[in-house]
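Go ahead and model the full structure; you've got the sequences and the hints to work with.
So the sequences go chain by chain: A and B. Per my numbering, the very first residue in the first sequence carries number 1; after that it's consecutive. Per my numbering, the very first residue in the second sequence carries number 1; after that it's consecutive.
Bear in mind the hints are in silico, worked out from the structure with no lab data behind them.
Label-pair ranges, simulated between beta-carbon atoms: (1) B:Ser53 x A:Glu31: 47 to 53 Å; (2) A:Gln23 x B:Phe66: 33 to 39 Å; (3) A:Gly58 x B:Leu10: 48 to 54 Å; (4) A:Glu42 x B:Phe66: 25 to 31 Å; (5) B:Pro232 x A:Gln45: 32 to 38 Å; (6) A:Gln45 x B:Trp224: 29 to 35 Å; (7) B:Leu10 x A:Ile34: 41 to 47 Å; (8) B:Gln250 x A:Gln45: 49 to 55 Å; (9) A:Ile30 x B:Tyr182: 52 to 58 Å; (10) B:Ser159 x A:Gly58: 20 to 26 Å.
Ideal Cβ placement from N, Cα and C applies to all residues, glycine included.
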Amino acid sequence: MITIEIFGPGCRRCRATAQAVRQAVQKAGIEATITEIHDPREMAQARVVFTPAVRVNGVMRCLGRVPEAVEVAEWLAETGGKAA
Amino acid sequence: MLTDLLLAGLAAVVDYVALHVLTCLIPAFLLAGALVSFISREAIMERLGARASKMRSFPAAAGASFFLAACSCTVIPVSSGLYYGGAGVGAAFIVLWVAPASNLLSLIYTGSILGPQMVWVRVVAAVLMAFVVGAVMTLLFRREEAGRSQAAATGGAGSRIVSPADAGLLGLLVLSLLAPNYLVRSGPYAVKVLVWTAVTLAAGAYALRVKSRLEIRRWLGETWWFVRLIFPLLLAGVFAVGIVGALLPQAWIERHLGGSGLLPSLFATLLGSVSYFATMTEAPFVHTLLGLGMGKGPALALLLTGPGLSLPSMLAIGRVFGARKALAYVGTIIVLGTVSGWLAGTFIFH
Chain A
1 MITIEIFGPG CRRCRATAQA VRQAVQKAGI EATITEIHDP REMAQARVVF TPAVRVNGVM
61 RCLGRVPEAV EVAEWLAETG GKAA
Chain B
1 MLTDLLLAGL AAVVDYVALH VLTCLIPAFL LAGALVSFIS REAIMERLGA RASKMRSFPA
61 AAGASFFLAA CSCTVIPVSS GLYYGGAGVG AAFIVLWVAP ASNLLSLIYT GSILGPQMVW
121 VRVVAAVLMA FVVGAVMTLL FRREEAGRSQ AAATGGAGSR IVSPADAGLL GLLVLSLLAP
181 NYLVRSGPYA VKVLVWTAVT LAAGAYALRV KSRLEIRRWL GETWWFVRLI FPLLLAGVFA
241 VGIVGALLPQ AWIERHLGGS GLLPSLFATL LGSVSYFATM TEAPFVHTLL GLGMGKGPAL
301 ALLLTGPGLS LPSMLAIGRV FGARKALAYV GTIIVLGTVS GWLAGTFIFH
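Dropping the structure here:
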C-alpha cells in the first residue's frame, strides 16, 4: 500500500498536481491512499515551504513545482520496487 | 452608456496589455519562470533559517522576496513555512510583505507603465517598510519568540544559490527586458521588437547550449504557469480599471486623493489594504488614477498596499499566524503605507 501526500493551499497548481498524481495511480492500477494537506502548519511540520509538494511513503519527491504524470509513475515504480 | 464603458475597458486592455506583450510581459514571464526553476530556493531558505542572525536574516528575507514568488497564494505558505520551520517572526513577515509589494514581475510592469522613478521609489519604500515591520513584529512578540523552540535548521549550509551557467542565462533574460525599453527610447515600436527578438534569440541559443532538454522544458513549464495564473487576472483587472476610470468623477479623485498630504495617503492606503489587486494590475489602476488627478505620494501608497494587502489575505494571515499577529501586521502596514506616501509625496515627487 502506497501513501501519497500532496501539500498545497488549494491553488490551481496544487489541483494540477493532485490530478497528475491521480492519473498516474490510476494508470499504474495500484492501490494508494492520497491525502491532500491544506493546513500551513502541517506543511511547515513536514518542512514544505514551496508548494505544491508531493511525498510518497514519507519520501519528499518534489517541492515547489507541478510534476508530470510520467514522473509520478516513476516514483510509484521506485517505491513499489522497494516495498516488494 | 454601457457601450461607452465597454469601450473604455477595451481601450485600457489595448493600452496596458496589448502594447506591452512582446517587450514587457513575455520577457518578464520568461524571467520569472527561469528564477523559479534555476534558483536554489533551498539555499535561500538556509540563509533565512533559525540560525541566521537578525542583522543578516532581515536583508536576506527582503532580498530573496524579490525573486521568490509573484502571487499571494504562494507567499503565505512560504512565510508560514519559514516561521514554523524556525525562522524569526520578523523575517517571516518581511517575506509576507515584500514578495507581493515589490516582486520582480510587478516591478517590471510598473516601470513599463509608470516610469523608472516610481520603480525605485517603490523598491526603496517596500524594503524600508519591511525592515520596520520586521522590527515591530520582533519587538511585539519578543516573549513568544524567546520561548519558541528553535527548530533545527536544515543542514548543508553554504550551498550555491545559482550556478554560473544559470546566472548567465538569467542575465541574458534581464537584458531582453531592459534593452528594448531602455536602450531604444525613441523611434518606431518595430525597433524595440527587433532588439527584443535579437536578445531573446541569443538567450534561447545560450539556453540550448548550457541547459538540458528537461531543464528547458521545466523552465518553459513554469513560465507557462505564470502566464496561465496571472494573465487572465491581468486582462480582467485591466478591463475593470478602464471601466472604473471612466466612472470615477475627476473632482472626487482630486479632492480625496490629490496632493501629497497625510489624509490622501491614508485614504489611498486604506483603499489598497482592503481591496484585492491581482499581481500587476495595480500599475494600470494607479496610472489611471494619476491621470484623473491623484497625487504621486498617494499613488505610491496604493502601489504598495494594493497588492501587498487585501481582505482575503488578512483573513488567511490571521488563520495561519493568529489574530494578534495579523492585527499587529495590518496596523503597522497601514501606518507605514500612509507615512511613506506622505514622505515620498513631499520630498521625492515634486
